[in-house]
Amino acid sequence: MLVDRGLRHKYANSVLGYAWSLLEPALFISTYFLLLKIFHKTYPMYPLFIASTILPWQWFATVVNSSTGTLRANSRLITSIALPREIYPLADVTVKTVEFALSLPLIVVIAWIYGVRPSGYVFAWPLALAFELMICVGLALLISSLNTVLRDVERGIGLVIRALFYLSPVLYPLQRLAGSLRGVAAYNPMVGILELNRAIWFPAYWTGWRPVYFSAIGAVVILLLGFSVFARVERAVLKEL
Amino acid sequence: MPPKKRRPRDAIVVKDVGIKFAINRRRRIGVKNLLIEGRTATTGVGEYWPFRHLSFRVAKGESVGVIGRNGCGKSTLLRLVAGVMLPDEGTIQVNGGVGAMIELSAGFVGDLTARENVYLISSLHGFTREQTDERFDEIMRWAGVMRFVDTPVMHFSSGMRARLAFSIVTRMEEPILLVDEVLAVGDRAFRRKCAAVIENMLSDGRTMLLVSHNESDLRRWCTRGIYLRREQDPLEGPIEEILEMYLDDPDQT
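Chains E and V are the protein sequences, given in the same order. In terms of the working numbering, the first sequence opens at residue 1 and continues consecutively. In terms of the working numbering, the second sequence opens at residue 242 and continues consecutively.
It is worth saying that the hints were derived from the structure and are not from the lab. Here a beta-carbon is modelled for each residue, glycine too, at the ideal position from N, C-alpha and C. It is possible that some hints are incorrect.
Under the rule of at most 25 Å between Cα atoms (straight-line distance), these lysine to any residue pairs were calculated in the SDA-like manner [as the list claims (entries may be wrong)]:
id, chain 1, residue 1, chain 2, residue 2
1, V, Lys261, E, Arg76
2, V, Lys261, E, Glu86
3, V, Lys256, E, Pro84
4, V, Lys261, E, Leu181
5, V, Lys261, E, Glu234
6, V, Lys261, E, Asp152
7, V, Lys261, E, Ser228
8, V, Lys261, E, Leu150
9, E, Lys37, V, Ser453
10, E, Lys239, V, Lys301
11, E, Lys239, V, Gly338
12, E, Lys239, V, Glu288
13, E, Lys239, E, Ser119
14, V, Lys261, E, Leu164
15, V, Lys261, E, Ile157
16, E, Lys239, V, Lys256
17, E, Lys37, V, Glu288
18, V, Lys261, E, Leu238
19, V, Lys301, E, Ser75
20, V, Lys256, E, Ala82
Just so you have them, the derived chain E footprint on chain V, three or more residues with Cβ under 8 Å [unchecked claim]:
id, region
21, 348-356
22, 359-368
23, 477-489
Whole structure, please, built from the sequences with the hints as guidance.
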């Protein structure tokens with residue numbers, strides 16, 4: 001109940017307006033579309049292609065990027081009112097999840113323009129969402145707590161996310177990687193999630209369920225790791241705030 | 242006459258509590274240590290334990306004063322009791338909700354307005370929007386900041402902030418109140434208003450832990466005192482004795 005109220009407050013203060021939730025990804029998509037058009041590396045219906053993966057990616061990336069600052073941003077509240085400290089990163093994830101949900105109509109509109117209907121993989125979509133949510137929660141807890149005691153985390157995380165963006169099949173399908181590379185790439189838990197998101201609109205690019213298994217394992221591990229690290233580091237974190 | 246012997250359930254039970262901080266800015270953080278034990282590794286030399294082996298009980302309805310020199314851990318103690326810091330040793334048990342005003346803040350978020358802060362803080366204390374609506378005017382009027390309800394709190398003067406914080410915290414109706422130096426910042430009128438509120442609450446049977454440097458306030462409200470001595474075992478006793486020890490302490494110059 002408390003958490004819920006805390007969330008509503010945060011949400012009221014964070015969402016600058018629905019327009020932003022659509023405008024930002026739309027700008028992203030058009031930027032990448034133009035950029036890759038120049039290099040002749042596009043795929044058919046490329047805007048839909050990018051939209052289907054870049055929105056879930058943005059969800060993940062915004063959570064990770066903002067999690068470095070959540071505890072410090074709320075330090076006054078944290079040091080005045082005794083509530084489970086986990087709610088602050090969790091509230092942040094919730095806000096980002098809502099923003100993601102609000103941006104989804106963009107995909108539907110683009111698909112409608114192209115006249116594409118979702119494939120049967122749409123029924124597996126909840127899996128992709130659940131795994132991504134677990135990863136987001138786990139990482140938010142992990143990064144928010146660690147960054148408070150070890151400021152280096154913040155510096156590193158930006159670079160890692162950038163690198164991961166190009167290493168993950170966001171702008172290209174996993175199919176394009178050579179067989180051996182594909183095997184390695186599957187260890188990245190975001191791969192299965194992204195592939196599943198894309199398969200909803202482009203089942204032809206689907207390479208099988210293997211990456212999704214890794215996503216499942218990764219999601220569980222990251223989630224547990226997040227909670228346990230947060231609990232362990234909490235004492236030190238509270239002294240820093 | 243009610244039977245006085247029956248001991249009421251304690252509001253606060255502190256047992257053998259100690260906390261340490263790192264002295265140097267560049268702590269040696271063993272990542273391994275941090276993850277395994279949840280503590281930052283510091284060498285014995287770089288550690289500072291403001292207090293250790295602190296044990297005391299505060300009965301329901303009792304008011305206890307905390308004294309000690311700067312840096313002896315008074316605010317830290319309130320934080321520990323408020324549950325917003327965790328001790329490195331010992332246990333703390335608090336029976337009942339806590340309203341804390343530590344370092345002149347009730348947990349304000351600077352870029353939110355006074356109104357938004359009141360709603361945010363009271364929702365975190367478990368109040369519904371309607372319950373806050375009922376109290377809102379009273380909180381603002383008491384704090385004397387009616388004109389500035391929609392001003393971000395970061396533009397408030399420290400006195401205004403303290404008034405608002407005190408006004409919020411005392412109206413959260415939590416059975417336990419932690420107060421840190423409120424009376425030191427306000428003007429005369431405000432101090433008098435605070436005193437009236439505190440007396441009211443004490444007669445209501447609320448429990449208070451008060452940090453103050455003001456002897457007369459401590460004598461007036463507190464029955465017992467805790468004297469935190471830097472890096473020595475803390476003392477606890479009737480407020481008069483504790484004050485005397487504090488004032489007579491040769492370390493205290």
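Task: Pair hint E:Lys239 and V:Lys256, alpha-carbon separation not exceeding 25 Å - done: Judged against 25 Å, a Cα distance of about 20 Å means the pair holds.
Open item on the list: Hint check: E:Lys239 vs V:Gly338, CA-CA at most 25 Å. Holds or violated?
Closed with: holds (22 Å)
Task: Given pair status - E:Ile157, V:Lys261, alpha carbons within 25 Å - done: Violated - the C-alpha atoms of E:Ile157 and V:Lys261 are around 30 Å apart, more than 25 Å.
TODO: Given the hint that E:Lys37 pairs with V:Ser453, test it: the Cα-Cα distance must not exceed 25 Å.
DONE: violated (69 Å)
Open item on the list: With the threshold set at 25 Å, check whether the alpha-carbon distance from V:Lys261 to E:Ser228 stays at or below it.
Closed with: holds (23 Å)
- [ ] Could you grab the alpha-carbon distance between V:Lys261 and E:Leu164 and see if it respects the 25 Å cut-off?
- [x] violated (39 Å)
Task: Distance restraint between V:Lys261 and E:Glu86, which requires alpha-carbon spacing of 25 Å or less - done: Since the Cα atoms of V:Lys261 and E:Glu86 sit roughly 23 Å apart, the hinted pair holds (cutoff 25 Å).
- [ ] Decide if the proposed pair is consistent with the structure: V:Lys261 and E:Leu181, CA atoms, cutoff 25 Å inclusive.
- [x] violated (50 Å)
Open item on the list: Tell me if the straight-line CA distance from V:Lys256 to E:Ala82 falls inside 25 Å.
Closed with: Holds. V:Lys256 to E:Ala82 sits at ~19 Å (cutoff 25 Å).
Task: Claimed coverage, the region 348-356 of chain V by chain E - three or more beta carbons nearer than 8 Å - done: It holds: at least three residues are needed, and the region 348-356 of chain V offers 5 whose Cβ sits within less than 8 Å of chain E.
Open item on the list: So if I understand the rule, the pair passes when the alpha-carbon distance is 25 Å or less; does V:Lys256 with E:Pro84 pass?
Closed with: holds (22 Å)
Open item on the list: Please verify whether V:Lys261 and E:Leu150 have alpha carbons no more than 25 Å apart.
Closed with: holds (18 Å)
Violation of the numbered hints given earlier is confined to hints 4, 9, 10, 13, 14, 15, 17, 19 and 23; the remaining hints are satisfied by the structure.
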